[in-house]
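Student: What follows is each chain in one-letter form.
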Amino acid sequence: MALIADFAVQGVEMLLVLLLAPLLTGFVRKVKARLLRRQGAPLMQPYRDLIRLMRKEVVLAEGASWLFRIVPYLIFAATWVAASLVPTFRTGLLFSWSADLIAIIALLGSGRFFQALAGMDVGTSFGGIGSSREVMIASLAEPAMIMIVFTLALIAGSTQLSTMAEFMASPAVGLRVSLALALLALIMVAIAENGRIPVDNPATHLELTMVHEAMVLEYSGRHLALIELSAALKLVLYVSLIACLFVPWELQPAGAGMAELALGIGAYIAKLAVGGFLLAVFETSIAKMRVFRVPQFLGAALMLGLLATLLRFVSGSF
Amino acid sequence: MRSDALAAVLLIPAFAAVVLAAMPGYRITARLNIVATLATFISAASLFFFRPQPGAYLLVDDLNSTFIVLTTFVGFTTSVFSASYIGHELEIGRLTPTFLRFYHAMYQVLMFAMNLALVANNIGVMWVAIELATLTTVLMVGIYRTHEALEAAWKYFILGSVGIALALFGTILVYMAARPVVGEGLEAMVWTTLVTRASAFDPALLNVAFVFLLLGYGTKVGLAPLHAWLPDAHAEGPTPISAVLSGLLLNVALYALLRFKMLLAVNPAALAPGPLMVTLGLISLVFAAFMLYRRRDIKRMFAYSSIEHMGIITFAFGMGGPLANFAALLHMTMHSLTKSAIFFAVGHVAQVKGTQRIADMGGLTETNPVLGWGLVLGVVAIAGMPPLGIFMSEFLVVSSTFARSPGLAIILVFGILVGFAALFLRLNTIAFGEPRGPTAKAKASYVPMFVHFALVFVAGIYIPPALVAWFENVAKLLG
Amino acid sequence: MTGIDFDIAHLLAGTLVLLSFLQLYQDRLYALLNVFALHALVLALSVAWQAFIQDAPHLYVTAALALTFKAIVIPVALHRIIVRLGIHREIENVVGVGPAMLAGMGLVALSMVVMLRVTQGADPLAREDLAFALSVILLGLLMMVTRRNAVSQVVGFMSLENGLVLAATGAKGMPLVVEISVAFSILVAFIVIGIFLFRIRERFDTVDLEALDRFRGERR
Amino acid sequence: MTLSIALSCTAILLAVAVLAVVIGREAMATSVVYGLCAVAALISLLVAMKHLLGAAPPESVALPIGIPWLGAHFRLDALSAFFLAVVDLGAVAASIFALGYGRHEEAPLRVLPFYPAFLAGMSLVVLADDAFTFLVSWEFMSLTSWALVMSHHRVPENVRAGYIYLVMASFGTLALLLAFGLLAGPDGHYTFAQIRAAHPTAGLAALVLILVLIGAGSKAGLVPLHVWLPLAHPAAPSHVSALMSGVMTKVAVYGFVRIVFDLAGEPAWWWSMVVLALGGVTAVMGVLYALMQHDLKRLLAYHTVENIGIIFIGLGLALAFKTYGMPTASALALTAGLLHVFNHSVFKSLLFFGSGAVLTATGERDMEHLGGLIHRMPQTAFVFLVGCAAISALPPLNGFVSEWLTFQAVLLSPQLPAWGLKLLIPTVGALLALSAALAAACFVKAFGVTFLGRARTPVVQRATETDQFSLAAMYFLAALCLVAGILPGLFIDALAPLSDALVGAHMPSQIGTQWLSIVPIAASRSSYDGLLVFLFMVLSGSLAAFAIHRLASDRLRRGPAWDCGYPDTSPATQYTAASFAQPIRRVFGTVVFRAREHVDMPAPGSTQPARFVVDLRDLIWDALYAPVAIAVGFAADRLNRLQFLTIRQFLSIVFAALVILLLVLAIWP
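Those protein sequence lines, which keep their order, are chains A, B, C and D.
Oh and the first sequence: position 258 is 276 in my numbering, straight run, nothing missing.
Oh and the second sequence: position 311 is 749 in my numbering, straight run, nothing missing.
Oh and the third sequence: position 125 is 118 in my numbering, straight run, nothing missing.
Oh and the fourth sequence: position 67 is 71 in my numbering, straight run, nothing missing.
Hint data in this document are derived by calculation from the structure and do not stem from the laboratory.
Values in this document were obtained by computation on a predicted structure and should not be read as measured data.
We put the CB at the ideal spot given by N, CA and C, even for glycine.
The hints are all genuine.
From the structure, some residues in chain D lie toward chain B, with a derived Cβ separation under 7 Å: (1) His157; (2) Leu178; (3) Asn644.
Go ahead and model the full structure; you've got the sequences and the hints to work with.
Tutor: In structure tokens form, the structure reads like this:
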């Protein structure tokens, strides 16, 4: 009985992130438009785009190989699995033990790996630009992320997200320097990973500035839809990751009743909204940086993460 | 029967020398040469089983019996090699039949001299024998009558003579030291007597004596800085002689040195010969290792490698102790076999390529696979790589030394490594890469070479217990 | 052995050392040869004396050999060679006579020190003889390495060998002395013949190593 | 019993080597030799696995060969069994691959005899139980592999590579020889049993550690002793490169583990620091070197250096925990390291096979001349992709598992008391993470440039899919990558007796856990389930595909590439390996390699092409190796003058020696 309930919760969780993902993207766009005094597209626009794309036929470049066609599904699978393993409104998810935070990062990493490959598959110059810049960014972002994980894991005594979240919710946490550093680093990494301003601009198609867009330049139809969806999922993932680790309020424990769950979901959506709003504000208030400034940006993140870890190693009180 | 075998070891070569000097005709003399050396070898081998009592002049004991067998064996294989080698020399007219007769006679005289030096129980006789061997080799080195050959022979002759003089003075001093104890006359030069009574000898005299003997016989061993004659003599003489020089004569001289080392070792008051030998050994090793780099003549290069290995052996004997002595004896044997085999290969290589310049050889494993791989095998063996015998001896030397005096072991390892690098640097140009120079097939008998390699290989894997017991006795003997 | 025997032997040995110094001092070939002949003569005398006091008749053979061969035959032969090869008569030194003499002094002192460490128990005649012999040997070697001229180097070698014979005969009752002296005479003969054959005009040096280098290309 | 079987397999291999010399010229020689090798290695593999999984007690045997009074001792315990299994697994795969690949060998006589001997040498090293046998096998391994490196000796680079390799190998062997000399003592107690009993003093053990780091490290390819590796491994035929990279380096790791964990006694406090620092530096340097390469096989070789670094990080952690008496944590770290040993041997062999297939199909090793091979050799491309994903530590493949375990071990280390470690280990962890990310980048480049995009040269058009044997070998290894990735528990449990023997504890048994997940310490702390992750991905991926194709459209049309509307461009406009690595080169290269970019742009209107040159400097070579070469040359020149003195000058030297010795006597007390 309880098992079935857990199954149900896990399923709800997976569907929830999947459904909310385009909404969050739309919301961010809307807020940005508003801040720019524009009307902006309606909130539901991303859904419409996705559906239209799915209906369209795929125009496959001549040079494209079988890899090019399966990559979208791979990316989607990896991102979705990763996202569905992050506690959103309830800890102790049924399968949370099947992959800890490191594994989740690695899953995202494999998504990126295949995306970069796809970028090189058709054999155009832009794909190459995108891929090489993407891996360069990743080669700094991933270690930074690992360092953040170290810090949090050393505080919580676990890399298991549910356990970490529960610990974070408990009063044992207190205010710590290393936590602050980790949060700062995590935000920087999240911005880079999702290709937001100032690292990358999801809206641009200016050849020399784009990274993510350049990689997916050759995609069309359902493939493009899946990739967009995965990107949205990734954004949700990071926001909910930050939420469950740093603002774990109203995160319901395992075996909570319906009412609590509803409350938890509400709180989660609220967190997403706040996160999206902050992101939009941040993006509108800053300019995109040159590609070769990015390493310094991410290097800073890596250093912050390393510093936090070192503090943890040297003494538990930081 | 007993003393017959011993007599045979000396008389067969002497007799053969006379006959060969008289006899014309290449084929028959070459064959006879082989037969004589074979007979000598057999009678020497029989010494293992029937050991005569030591006399006033001759002696067979654990130490020299191994050397005798080794010497006669290598002498035999070399004569086989020289048959095919000299044939080619006659064809291209580097040698005339007259010189050939001379050559074969001298070869036997050399064998006689070396055997005599080994079985001599009288330090005077030993001295005479070694000098005889030296003079014979001088004549054979000069046999080609080319400018370089004469030059090398002359150099060898002059330096050798000074060595002779020093060694003689040392011998006289030993006699002087012995005389008050042993009494005048022959007895005071009989080694077996000396070694039993040496503890009572005057240490100061013994010291001076050893210094002179070390320099005198050390010149023959080719220890740096007394080595100057060795590379040129090897490079300019006929290759069989280079093989015998490296494989045997150096050993014989070192054997003489060992006898006197034992003499000093018995006397507590005398200075320990060990440090001197260790120093000379290390100097020779490192020096030769560096000299290998700039060699352009293949035979000269391997001559320097002989100096290097003599250095290692002397070092090991100087260190002393059962392990090191065992290793040194093993190394001595392995080096004789390997180095002579290498010279067999080198001789044919030089004949095929028509030159001794390393730069003019190349891709030998392509053009003459058997010869090329034989040479590679030889260098691998001499560089001390498993599973060949020299690896075992070097293993024992280095490991046993390092535990006792790390500093020396470090120098030793350094020298070995430097020499190793140099050898393979040259081997790469000779055996690999694009073929260079003439690529005619060699008319050669590879049997001696591969027999040696087979022995070295087996020794690297398995040494028969009898031989081991032998070596261990000797190692104890040497203290 | 009585004191007078000892003194005479001692005197002769000392004379040999003195003559070695004289050889070092010479700077003309003929003079050098003459001094060497004298050297050999004194050696013959001392050997004969030893034969007498040790009543070892076989030593007389050695003495005779030294007298005939070294004191007469060789010097004459060398004279001939000098004339034949037109070797000019000056002796080229590596170091001047003065320094050579000083070095000789040092060597003699050294040999004395080394030899006199021998315990008193040993036969004094042997000790003194050995000391002198060693200094003769060392002086001979010194001559070989300080003279550029082939003939003078041969002379050096021979006086070295005289020292050996002196030591050998001084060693009372030593066997094989005669054989050894014979062997050495042959050796010396070889050298002289060699010089003659190879037309070594000036010095061992010019049996060219340059030739070696040219042919073998060893020099970089 | 099992040991004797293993030894007889080795004997068979040696016999095959002799046989190869005899029949080498025949046509069927290749098939016969490699077939026999595969069979012998397979038997030995089964034996080793039986011993390992059965947790059987150690067996030992002494043969009356080698040093007479010592004999040759062999021993099969858990450690040797594991490494023997690794060796034989690689051997089986390589032999099967070579059944097809070897046919393209132009001079089989230069490969066939040495290949079995090489295999035999490696298995003898892991079986040896005394110093002499160990070193003989060790050097024999080097010798045979050198011969294999020299098999294509007409290429000057190969000869140079072989030379540097052999000199470095002998250098390492001499270092090990000295180490054993210390351990065995002056009277030569050479058997490992005696050495174990000896308990060396602290100073001695320290010296031993350094010597072992030189000896085993130079063979394994630890920076800065790695220089030979990227030269030698690519020079050999590809199946041999696979063995050298995938297996021989592991034998070196075995040597390190055997001596440091088993023979050298109790570790001192600083040992782990040295090992960790070396490991971290090696990992990052290796991958950075790799990123700068455009020769496929050399790139792979540099990645071997990187992975050796990762392995040594694991071993260093194990050493640290062992030093401070934390056996369970030590067991975790050790298991992580050894698991990576296994994993790397699998996917590195796979990748080298792939490069070999490409080499035979196109005759090219330079990626800049390849591209688009995925169309010509789809199957090779697929397995190569699996290998790339595995080595880039992507879940659910095996590379991720071992790195994950290493991270878990790092997370246990704050409990270590030593301050140095407190500061060092996080840094090493960062280096590890960095190297992992860079490795992923590097393999995007490797696979992307080689197999994806459009053909850069005509050779690619002529390429065809490789033969069945090679494919079989590669599929086998690829499958192994997946299995080891989704069922790591089995492998971890197999290592339990081993870590028991070495650090006195083992990881909790993984068989009982739910859904075959792996739990290093406790489920609450961390756990990972490759199987489930794999299932989830397959499920969600296929679900999405199904849903879209059913509900939305599945129509598809081929068209020209969009490329921002540029007209159809030539393949030359694609990103090359160099240009792909350019951003990373800008970030790291300027410091690590003194990377300088020279652009000369011709004046407008001039016809000559613009040039862009990047020059990289190998600082390690410049700093360590070049000076040595120069010094040796200098000394050789100086001493060489002695060859040209005149006879009189030689005499003077003799004279001087005499006088000096006499002076010594004179002043002797």
